[in-house]
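K.L.:
Chain by chain, the residues:
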Amino acid sequence: MSENRGLIAVVVVLLVALAGMVCLGVGALVYCPQPGSACAGLFGAPSNVSQNNPSQTQPTTAPDQSQSQTQNPTQNSSTNNTAPGGNVLRLPGGSGMGGDPPTLDPANTSDVESATYIVEIFSGLVGFNKDLKIVPDLAEKWDVSNDGKTYTFTLRQDAKFHDGRPVTAQDVKYSLERAADPRTRSTVSPLYLGDIVGFMDKYTGKANEVSGVQVLDNYTVQIDIDKPISYFLAALAHPTSYIVDKFNVESGEQPWYLKPNGTGPFKLIQWDQGQQIVLEKNADYYGDIKPSVDRIEFLLGGGSAMTRYENGDLDATRVSIADIERVSDPASPLNKELSIDPQLSTSFIVFNTRKAPFDDPKVRMAFAMSIDRQKLNDVVFKKMPVVATGILPQAFPGFNQDLKGIPFDPEGAKKLLAESKYASGLPDIVWSTVGGGGTAGSDVQAIAEMLKENLGANISVEQTDWATYLSQINGTNVDFQLFDIGWSADYVDPHNFIGLLFRGGSLNNWSGYDNPVVNQLIDDASVEPNLDKRIQEYQQAEEKILQDAPVLPLTYGRDFWLTKPYVKGAFYPPLVIERLKYITLDK
Amino acid sequence: MLAYIVRRLLWLPVLLILISLITFALGIYGPGDPVQVMMGLHARPDIIAQVRKEYGLDQPFPVQYWNYMTNALRGNFGYSLVKYQGQRVSDLIAKRLPVTLQLNLVSVCWSLPLAIALGIFAALKRKSWLDVFLRGMVILAVSIPVIGLQPVLTFLFSRKHEIGPMTLGPFLPVGGWGGIFSPQVILPAFILGLGVLAVFTRQTRAAMIDVLNADYVRTARAKGLKEWMVLVRHALRNALIPLVTLIGFVLAGMFAGSFIIESFYGIPGVGQLAYDALISKEYYIIMAFTLMIAVVYVLMNLLIDILYVFVDPRIRYK
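Protein chains in written order, with our numbering: chain A, 1 to 587; chain B, 1 to 318.
One thing to keep in mind: the hints can contain errors.
[Unchecked claim] Lysine to any residue pairs mimicking SDA-like chemistry, simulated, CA-CA at most 20 Å apart: (1) B:Lys160 <-> A:Glu310; (2) B:Lys53 <-> A:Asp181; (3) A:Lys362 <-> A:Asp409; (4) A:Lys246 <-> B:Gln85; (5) A:Lys206 <-> B:Pro45; (6) B:Lys53 <-> A:Thr204; (7) B:Lys53 <-> A:Gly194; (8) B:Lys160 <-> A:Arg326; (9) B:Lys53 <-> A:Leu191; (10) A:Lys452 <-> A:Ser424; (11) B:Lys160 <-> A:Arg183; (12) A:Lys130 <-> A:Lys452; (13) B:Lys53 <-> A:Ser471; (14) A:Lys246 <-> B:Gly86; (15) A:Lys206 <-> B:Lys53; (16) B:Lys160 <-> A:Ala322; (17) A:Lys206 <-> B:Glu54; (18) A:Lys587 <-> A:Leu191; (19) A:Lys564 <-> A:Lys246; (20) B:Lys53 <-> A:Val327; (21) B:Lys53 <-> A:Asn208; (22) A:Lys564 <-> B:Arg159; (23) A:Lys227 <-> A:Asp524; (24) A:Lys141 <-> A:Lys173; (25) B:Lys160 <-> A:Pro333; (26) B:Lys160 <-> A:Ser332; (27) B:Lys160 <-> A:Val327; (28) A:Lys227 <-> A:Gln214; (29) B:Lys160 <-> A:Asp323; (30) A:Lys415 <-> A:Asp548.
[What the hints assert, rightly or not] Have a look at the derived ranges for each label pair, beta carbon to beta carbon: (31) B:Pro313 <-> A:Ala322: 55 to 61 Å; (32) B:Leu168 <-> A:Ser506: 57 to 63 Å; (33) B:Lys53 <-> A:Ala322: 39 to 45 Å.
[What the hints assert, rightly or not] According to the in silico footprint, chain A covers these stretches of chain B (three or more CB under 8 Å from chain A): (34) 151-163; (35) 187-196; (36) 215-227.
The hints are simulated quantities; they were obtained by calculation from the structure and are not laboratory data. Just so you know, these numbers come straight off a predicted model, no measurement behind them. Backbone N, C-alpha and C define an ideal beta-carbon position, used for all residues, glycine too.
Just chain B, same shape as in the assembly (with noise of 0.2 Å):
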């Protein structure tokens, strides 16, 4: 098991510089360069030679690749070019990673748990019309864009209304960011909660309904034991054990954050700054990014793998 574990870690390095070598590749050849974008309009060649050549943007993709790892694993990630200029990308993203770690952790503990209990309701009264109902909103949630949904709640929830004589609202702000116990979390958390809700239900139904239709649950049942410890004990149990993977994924993501509700409700979240970063060609914080990111998988898929060894009695690592 340590072996497995020790050679699933030895992987991790070839990994990273797999997908770094890709990364800095495309930042380098790709179109467009972040002192272009510094300039705008207005861009002179010989100035833009005469920066590209103090950034060291000039030398060739081996060089820069191997001084940018090199400084990378010193903890030295780059400066920003364009926009946070000069700023450590390391700063950056330490300044972001726990507002975008917040909301997703509010998002996920009001839908997660929902998601299971909904999906177990649903799955006991298969066919009911509130199966149908529950089923119906489901895909609903995760059909109506974020888009279109935002400025909705938005108009619902944060403007006055005035109705007749009545003036109602704001019930909540606009946006910006006031810590996981503000009131300007409840919007955003809720949109990014519908997916995940969306997700969980339907899966925790399916094992459910799976479960349910296992030999040793009918065994339970023919011994004797009470419905509830056949539910509890045998069925929600292993019923479980499908999602592991799956919550596996949502905590990685909750890493990412999300380009669009940050950069809506203006959030200063790590989603907003990868976003701003990909427009103006950022390199430095692109690798940086697609780097947390790419370990933060690769240690939670190994982390869900581990787990699956307790979870499920049939696997077995050497």
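Just chain A, with the same shape it has in the complex (with noise of 0.2 Å):
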């Protein structure tokens, strides 16, 4: 008996395990009839939207299965998915980056992975052309008051949810009202829209309503807001400011914006988390500019696009740094496909005015002397991003283009250090910056190697996690003595990158700089009405910034896309805008 006993227990080991095998093997049978679809598991998950909701029972479902169906004539034709042929788009997740949007809720998009579909999907008041030139949108014009302060917006009367329902000035209220209702939990809402009367009110649960948003009538909606803002429109054209359906909103769906019923070019028919994001034209769009595409694939399983492409399994790509020598070399194919676009941001390198060593400002200015950008360009970046002069982006207004930039002078810094007060010897230095351990960023690597050689100063490089870092640097006693880091416009202005980065006491005053002539001329600049003047005061406050040196600006961003020749209308704005319905194909 007890021999047996042995022999007994591994079969059943190899039993049960092969029991448990065959199970997830049938069910797995059962769920992906088809070898290849796209089919995520066995418990209930053919994780398409209308199946999210495991608890929710079919009358929610059936309705929207029928709708989509009935609606959308062309979705029959497009199923083939998978052949090149046919009016299918293919483009990897999001920016380029792959992965799943956080959200697609217009009132909370604070990343560009969640506006990139939000833009396409919903709509808004105004937005963006392709010039970034703000354009009507759901209004088909407005009028401003002589103050500046209230907006009458008035409403085109054919556009409509993509359920058919028309939308109203209820329909604008309901949503910005949203935005700033405490329970939706925006951080981004109070950023753009806050400046309208009671907005703040409702947001901290004061008030109940938005009183500066009234209805006129069924399509006029008045906009007040405190002070006569000059970029007021153009936080209009964010998503947060977006129309969303409230019946839609109110569903009871877990999230609703699984399944958005929105106003724009382009409607979500499918989200396979972690797979794909499938959006179908609106053949109802109200639009000028119809979109043409039936249907456009987002992959969002990340990792190697680029081989997806060049398989020709994706009809565009962002470029890495791994492959940008490959494709830059005019012998490549690939580079007959290739754009560059500048980006709206800047990458710095910060240094803490409130720590030793840099509260002397010529010590600051020796070290921003002894990096050589253009090596670091050429050589780490692979000249992916291009050296920066100034502050303000390329791309940009109020773009200096005399600005020289600080030089690469090892000599000249070595003056200044001498001159400093901290001649005698400067104190060890701690470089934080964002890493998951091993060894810091080749150009983090770089930079501290040639201050060490140009300087002799004494660098250690200290990682953390982005969550920490993030922690670190929020608000306005930064602990980090010397850091890198990006900033990214989030509207065309720029008190975006002067005042908020450099006026004293500004929340995003990472170095703590803070120069009293400065500040008189970001706070004169940001109430100045008249554009050109106001553009010359930001620019003479940049000069002066760049003099006192509490940032180094390294490199200003650019955009490297691949696009297949049959893609017609593609462009890679610096903005996140609605730029599908551009897209044609000729295969």
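Fit chain to chain and form the complex, with the hints in mind.
P.N.:
Right, here's the structure in full:
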């Protein structure tokens, strides 16, 4: 008896394992009838959007499915989604990095990945055109009062949600109030809409409605703002301000945005988490430029987008630094498909002026002059960005072409250091950077080495994860001594760089820089109605800041994309704007 | 025996409370904050405070912990804050766990039987050049870092190769997920299986050698049993006993997923989810993930201990 026990046990273990495998296999077969079909799993999860909520019973899902079929006569013809032909565009997820968007709720859009889809599915009162100019969208026109504090929008009467319901002024009021509702938990709405009268009262729970938004009639809405800010329309063009459907939001779906009912040129028909997002064109789109591509598939599973592009499985891809030399070679066939576009971003090295030795401007300038940014850009960054000459990036209004930038001058730097109060010796310096352990990024290593060679600075690098890093640099009391950071514009106004990053007391003033002259210039500029004069004032401030070197601007970012020649009308703007409706396929 | 099992199971809640306390405390008191991660560089303290209040993150630790645990007992493991805003954590895990299980299943299916076969083979041919070769390969397999192997395999199998006038490949898709019968599964399952293969080959070989030297094998041979009978009935059966523990851990590990492989190949499994959650300070996802792994390991351990009673007649529980 006991002799057989061992054998039995082993057999039992193997049988259990085998049974488990068979179960899983059968489950997989049931749920994935076709090999290679998009299918996430076994336990109730062919995870398209309509089945995201297992506890929800059929009544809510069934009409939606029939709806999407009856409303979209194109769907049948486009189910053959793997064929290279057909009017299907295949793109890498979001901004080209892959991964699921954190949300598709306009009011909560705080990142580029989410915004990429939201601007196509939803729309706002106003939007940006290809040239980043504000144009009418759901509002066909608007009037601004003489004091610049009251905007009256007249809505288009032909705009409909994807389910066919017309968009009215009540929807505008609902959407803006919802963005202010503390229960929406938006971290971005105060940044864009906080200037609307009564917005913050609702946000902090002191009021039940936003008094500054009034419905005048079904197609007219009036918005009052606290002060005549010049960028209010730009704020309305941000996804945070986009119009949502009350019935959709309150449908009970958890969360509602998995089945969004928007107004934009494309509608979401499928979202297999971690795998793909599928948009389909909105045949009833009200805009003047109608979408042409029937179906757009965003591949969310990251990794190797470049290989997929080269194999013909993707129609466009962002180029990473690993492939840049190959693609930039004029002899490469890929080179003809390459487009290079400026981003609205600048990367900086920040000298914390609250900490020794960077409390002395001479030391800061000496450090800045010891860094050979051209070499860094050529060797480490492989010429993907361009060397920064100032703070405002190239594509920005107010970019100063006359700025030469801080020169690379090791001799001059040594001289400056000798004149500084740290001439007798620099303290040890800790460079804080975002990293996952192991060795620091090659850019950080290269710069630390340059500083050591040219100034004799003893720099050790400390890496932290992004969440910790953020908690350290937020607020007015930054503890890091020396660190690197990049800044991308949220709105196209010089204030977004000069004002936020360098005004004394500003929350994003990482360096702790506080120059009364610069503060005055920034304060004057922010209320100056004349655009040319404003820009002039910001440029003066920029020049003064560069002389004091609280930061060293390293590079201006650029975007490298490959696009197949049959994709016409694709462009890669520096802001997230509606752009897919311009694309046609010519296969 | 039954009493023993009940006693072991009674310890489970105690263990879970301890684990959840530690994990929750690390989340709350550790550096970084999910609302801050959401806001990124554009954080404003008044907004952060307001949103934290709405999420109840401003409450003292015991209150937050109590709320979490009472909700968890009712099956509500909270909602994602940052990366999958507003989605139920239980939904997120339920959607991803099958993917991870399937992927690991494929990797175990090819590697485990092969490893046992190779291990037996190596033990029988001990000190032959084949044994030396196998042992070398095993060391190689455990030594190659995944980060190095992945790009090489992708280059070889997932790219077009133009050799003179010929175009070869791509043989396999680059990544993504299409179920266990799709070609996408081959490369990640291969890489994941290598570790299992290496460990089990070595363990099987060692156990077999041990058993083959035992007295009862000599006795079996002496009483004239056929060699295959000796091997299968006396040697192999006993050699597999120590492997049961290992198999248990491999099965438990299947639930954890692989952070690296799933991220590299864009496979929507729990490994990827956990990785995202760790980066963005998603307390609730980390909590649910940790508790799930803890439960699986505890149960698997119990199962192994119970199995030993059957496997090894010398063991008795009271």
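K.L.:
Between lysine 206 of chain A and lysine 53 of chain B, does the CA-CA distance stay at or below 20 Å?
P.N.:
holds, 14 Å
K.L.:
Would you check the hint for lysine 206 of chain A and proline 45 of chain B, treating anything up to 20 Å between C-alpha atoms as holding?
P.N.:
holds, 18 Å
K.L.:
Do three or more residues of the stretch 187-196 of chain B come closer than 8 Å to chain A, measuring C-beta to C-beta?
P.N.:
violated (count 0)
K.L.:
Is lysine 246 of chain A within 20 Å of glutamine 85 of chain B, Cα to Cα?
P.N.:
holds, 19 Å
K.L.:
Quickly compare the C-alpha distance for lysine 452 of chain A and serine 424 of chain A to 20 Å and report which way the hint goes.
P.N.:
holds, 16 Å
K.L.:
Would you mind confirming whether the straight-line C-alpha gap from lysine 160 of chain B to arginine 183 of chain A stays at or under 20 Å?
P.N.:
violated, 52 Å
K.L.:
Under the criterion that the straight-line Cα-Cα distance not exceed 20 Å, is the pair lysine 160 of chain B, serine 332 of chain A satisfied?
P.N.:
holds, 15 Å
K.L.:
Can you confirm whether the C-alpha distance between lysine 227 of chain A and glutamine 214 of chain A stays at or below 20 Å?
P.N.:
Status holds; Cα separation ~17 Å.
K.L.:
For the pair supplied as a hint, lysine 53 of chain B and aspartate 181 of chain A, confirm whether the alpha-carbon distance does not exceed 20 Å.
P.N.:
Holds - the C-alpha atoms of aspartate 181 of chain A and lysine 53 of chain B are around 13 Å apart, at most 20 Å.
K.L.:
Take the C-alpha atoms of lysine 160 of chain B and alanine 322 of chain A, compute the straight-line distance between them, and say whether it is at most 20 Å.
P.N.:
Holds. Lysine 160 of chain B to alanine 322 of chain A sits at ~18 Å (cutoff 20 Å).
K.L.:
Measure nothing beyond the straight line between the CA atoms of lysine 362 of chain A and aspartate 409 of chain A; if it is 20 Å or shorter, mark the hint as holding.
P.N.:
Judged against 20 Å, a Cα distance of about 14 Å means the pair holds.
K.L.:
Compare the distance between the alpha carbons of lysine 160 of chain B and aspartate 323 of chain A with 20 Å, and conclude whether the hinted pair is satisfied.
P.N.:
holds, 16 Å
The structure fails hints 11, 12, 18, 19, 20, 35 and 36 (numbered hints given earlier, in ascending order).
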